[in-house]
Every structure is written in C-alpha cells, then in structure tokens.
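Going down the list, the protein sequences come from chains V and R.
In case it helps, the numbering used here puts the first sequence at residues 1 to 432.
In case it helps, the numbering used here puts the second sequence at residues 433 to 573.
A short, non-exhaustive set of chain V residues, derived as facing chain R with CB atoms under 10 Å:
id	residue
1	K372
2	E377
3	F380
4	T381
5	S385
6	Q391
7	V408
8	R409
9	E412
10	K414
11	G415
Keep in mind that the hints were calculated from the coordinates and are not lab data.
Keep in mind it's a predicted model, so treat the numbers as computed, not measured.
Beta carbons: idealized from backbone N, C-alpha and C, even for Gly.
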Amino acid sequence: MIWNETVECMDREQLREIQSRRLVKMAEYVYYNTPFYRKKFQEMGLEPGDIKSIDDIVKLPFTNKLDLRDNYPFGLAAVPMSQIVRIHASSGTTGKPVVVLYTRKDLATWSEAISRAFTAYGAGKEDIFQVAYGYGLFTGGLGAHDGATNIGASVIPISSGNTQKQITLMHDFGTTILCCTPSYAMFLGEALGECEWPREEFKLKVGVFGAEPWTEKMRVKLEASLGIKAYDIYGLSEIAGPGVGYECECQHGTHLNEDYYYPEILDPNTGEPLPEGSFGELTFTHLTKEGMPLLRYRTHDLTALHYEKCACGRTLVRMDRILGRCDDMLIIRGVNVFPSQIEDVILKQKEFEPHFLLIVDRVNNTDTSELKVEVKEDYFTDDMSTMVGLQKKLEAELRSVIGLGFKVRLVEPKGIERSEGKAKRVIDKRQL
Amino acid sequence: MKAKQLSIFLENKSGRLTEVTDVLGEAGVNLSAMSIADNSDFGILRCIVSDPEKAYQVLKEAHFAVKITDVIGFVCPNTSGSLAVVLRYLSQKGIFIEYMYSFANGDVAHVVIRPTDLDACERVLEEKKVELMAANDLYQL
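Pulled out of the complex, with its shape left as it was, chain R reads as follows:
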C-alpha cells in the first residue's frame, strides 16, 4: 500500500535540519521515520510524518522546496536473512530500488522502499505475502 513521503531539499549548512523540525514541531506534525541523502553540497531529507498534507503545507509556507513522493512500507522479521528474501523477490522481477530506509523494532523491522515501479513492487510483495503497512499505520508509528 502506497504511503506519502515528504522530500525536502536542504542546503548543506548548519541549522537547516533544525529549521525543518521546528516548522513541523510547531505545526504538531510528528516524524515517524526519516533519512537524508546527501552529496557534499546539498541533501534531500526524506521523511514519513503523521500528517503529510499538513506538513507539506507548512513547509511550503516556510519556503522549503518540498515534494510528496509515493513509497511503500512493509514489515519483515528482525532475523538474519529476512530482508534478503524480500529483496530477492524484487530483483527477480527486475524491480530496481531507488532508495530505502528501515529500522528494527523488537521482533520486526519496518522498511520504507522507493522502487522504480511502485505498482509492480506492490503486486510482487502482495503475491509473496510480505506484510505491507497501511499508510496510516506508517504515519502513526
């Protein structure tokens, strides 16, 4: 099931990430997952939040360059080799992963993935009975 992720352009200078989190905090938006892609000059902050629409609005108003991107969230057991199994399903179908981030939490790991082909990815994961996360569950983590 597709979920909405926020992508925010960040200049590589101190305090910029603080400003993003301040804006979200003041709007009462909670961050449930995030990652930063960066090169030496700039970064792209990707995050899952409790209310993507609202977060998008407030960040726009604060003049951030922000985009909403669809991603897929799934759950896999927090045991060695589990992720490899899921990734193999995807690679066998020729689905590329642009990026992903995840975090383990007790017995399970939550994974956010951005494949090149969202629909195909969703289909494959469903077929293989991988536990997909509903968007709202992801937002409320």
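Pulled out of the complex, with its shape left as it was, chain V reads as follows:
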C-alpha cells in the first residue's frame, strides 16, 4: 500500500522541480532566520539569490554535529521559541545532548513521513500499534506514536521495557504491529516463545525496527522468532527521527523521503559530491523544516543511493544498508558513543591511566560493551572492596555521562598495548 502516491511515485523530473523550488526558498529562509547560516553565507560570499535550483546545493555550506553542539541548546532555531512545540535531544559527544526543535508544521511533516513508512509495511487504521520504543527525549517513541495516530491506527504507548507486560498486552489487546529496536525485539521474541499463550492467540503480523544497525541475518531470526514480517525504518533525530527513510514490500533498499530531506552522497574526505550509485557519506538538507533547518548535514553514515524506479512503484530514491561510519562513532544498543567521551570520563578520574580499550560485541543479539582500564599503581590496594569500588565508580560515571552501561574491567598497569601512532582504542567484534 502507498500512503501518498502523488509524492512517493512522482515522476523524478517533477520531483526535482519541487526540490528546486523548496531549496531556493530554504536558502532564503535560513539566510534571514538563522544567524549561524547567514554568517556562513557571508563568509563564503554567497547570497540567497545564488541558489537557483537543486543543482546549486553544492554551493551551500556543510553542517556538522559539532555545529549543533556549539549552538546548544537553541542557537540554530529559525523561529522564536513561541513557535516551537517539541524539543527532542539525542546523546551528544561530550555529555551535552544534541537538541532538535520542531514547529507544529514540522511535527506534521514528520508524521507524514512516518505514515508513508507504516503504510508501506501494510499498516492501516484497523491496526493496533504497540510502540515499544522509549518515549521521551529519544525521537523513536513519540515519532512512531504520532505516525501511527496519523494513519488512524490504535496506539498502545507502552514505551520500552517491562517485557512481561509487553507480552500480556500484545496478547490481550491483539497488537498487530510492533515498533521497537531490533535488539529489544529479540528479547520479545524469546519471551513470546516462553509465554503461557500459543502463538495462534496473538495477532502480531509486522515488526517495525530501527534506531540501531541490524542485518539480514537478524531479520531472518526476528521473523522466525516473532512470526512476523520485519521492516527497517531509518532516521536520525537531527533530521527528523524515524521515518527519514523506510523499506517497501520489495525490501530492496530504504526509500528516502527526499521531498523533505534531500540526500547527497559525498566523498567523506573532500566533501565533493560523488557520481550516482557511488558509496560515500550520506548528507541531508532540510527542504521544508521550519524550527531548526539544517543544510547539508553530514551524517557520517556510509552508503550509496540508487535512483531507478522500484518494483513497488515508488520513485523515491533508495538507500543501501548503512555500511559503516566515517568517524569513530559507535552505536551501542541504540546509543551514540564516541571514544573521546570515554576518554573524557576516564581522564576525570584520578585513579586511572588515560589508556583504555573498548571491546564491543554482540551476544544473543544484544550489544555488550566491555571497557578495559588500567589502575594507576599508586591507587592499587590490597583491599578487594576498594578495588571493586573503583570499578563500580567508573561504571556509574560512564552510565551517567554516556547513558549506557559499560562493564569495566581493571587491568594491570601497562596491561593495555601502547601504540606508536593512533591508539587502537576500540575493538568492534559485532558482525553487522
């Protein structure tokens, strides 16, 4: 099923015209409403009038996560706060979250984007959605909630956690569509297998999974354990949240809502646009956003885009699975983690050497993160409880700053290999 056939199946020439018109307007809009961009334009000798079509997008300045951090919290707002109706925030790089602002219209746009996704998964107003993404600052919960409401479905806003209750309500309420992270879906799949009711008593048919990278292998597992069809939903909070992209029934790449969020593939080193179909860094430009529009936002996600019409009838561009990142950010259990954040935390603790090794793995489909740190010789004591206390204290500090539980492992002084050049600080054993 297709939610908005006019846009989703639009002739690409016509789509390009719309994108051009919107970009021209957007360049003018940010010039007059976002001081950050006006300054950038002026530094580059660029005027809003220089942007005449979508082809001129290459003239526009880039935006990086650092810019969002530097303008924390509301520096990139293009409207007065009286027009902002929603504030979301995601984990940032140094403890400060990255803030995103939505006007009423931005929320409507976002809901429209997610409605296209849900409809592509076969959902409609007869469906009962169980939204088991976290509700809160994270865009997953409320985003899925608003999208499901928009298509007229019934929403169970259960949020994440409390697995027993999830299963009970899924059974009693007759949930047909489950939205959550793929790793939580694995848990739910196990719980479903062990629960008191046979599978026939459940009406679950579709899973909408996102916010974490996952694989085809996991899809097979999830579909088997939950007895459903599993779809990927792509998003990042800086651009909107879930619904920036979605799979159709062909599951042949992720369609991007490019009438709102214009994608480019760039050479991650030079920032130059790459030819169609090449593998490079995904970058988005808001074409319609009011609250906090971003130009050429570098996602650091590496992928490729394909423009041929899809067998489902949609003409919206298709994105390959994200194959990696061109910075050192890790996504662990849905949380963005930068090695520099860990370093910061460790440096603030006098008992540890500034060397560490983070080992990320995936056990039973859940990410594990173990952090090896060296205790300074002077702080080594004969007392086991003091030593365990050091370990616990660092674990608590990491949890509060990064928002993720790490298993801290104390190692001997010089127990972590020193390297001449760039230190090897992360070992990611996950097979994605």
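Starting from the known structure of chain V, arrange chain R on it as the hints suggest.
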C-alpha cells in the same frame, strides 16, 4: 609481630600467576605462603616470601602493581576448636578481620591474618598468650 606481605594485582588471564612465580624464582625469592582473592575480573595475590624487599623490587621492575601490606602471623594448635578460641579473643575486642589464610603442618597451624587494627590485634594476641610468629620465621617457613 608484624610481618610484610606482598599484594600483587593480577589480571584474570592464563599465565599471569606463572609470570609472577617466574620473576620471584629467577630472583631466588622463595614463597612461604600465599592466597588469591578474586572476583570474576581480577585477582589479588597475597604472599609471604623469603625476602619481601627484594621481591617488591623485582616485581616492580617487571611492571607488576605490587604493594607491601603488614600482616600478623601466629601459631595455634592443630586441634578442633583452637582457631575458634583465638578468633573469639579478637571478636570480643571488636577487631575485624579483612582476610586470613592458614595452613596446618603437623601438630600446629600457621595463620596469617590481616586485621583492621594491627596494633590492637597484636596486643590482644600477646595478652592472651597466643604464639605470635616473628617476621623472619614466617619468611623462612
């Protein structure tokens, strides 16, 4: 009488204890008693050696995290209930034991104890005529 015990931080990985004993062996230091406290991630090796100062030096040079800790050694008869008698002396005076290790040898048992208050512990044991071990005797066991 207080004796010096070595405490060595050990990562929980195979071969680590062998390395410690190799270093001590090469330096001609003999181990007379030892115990390992551990949790799942790391351990603390506590040992009494023939020459604590030398052992400390060589282990430091081999980059081990090592500390010298004072402990008390005493002897008690190797008969049932004997240890309980000694421990009761301590508990009655409110002296806590952080850890201890011991080994029986014929008629007697040698006990190494790390109390919270070393001086008080020593005093109590002396008063109660418990046979304390001179540090050197402990080192040469």
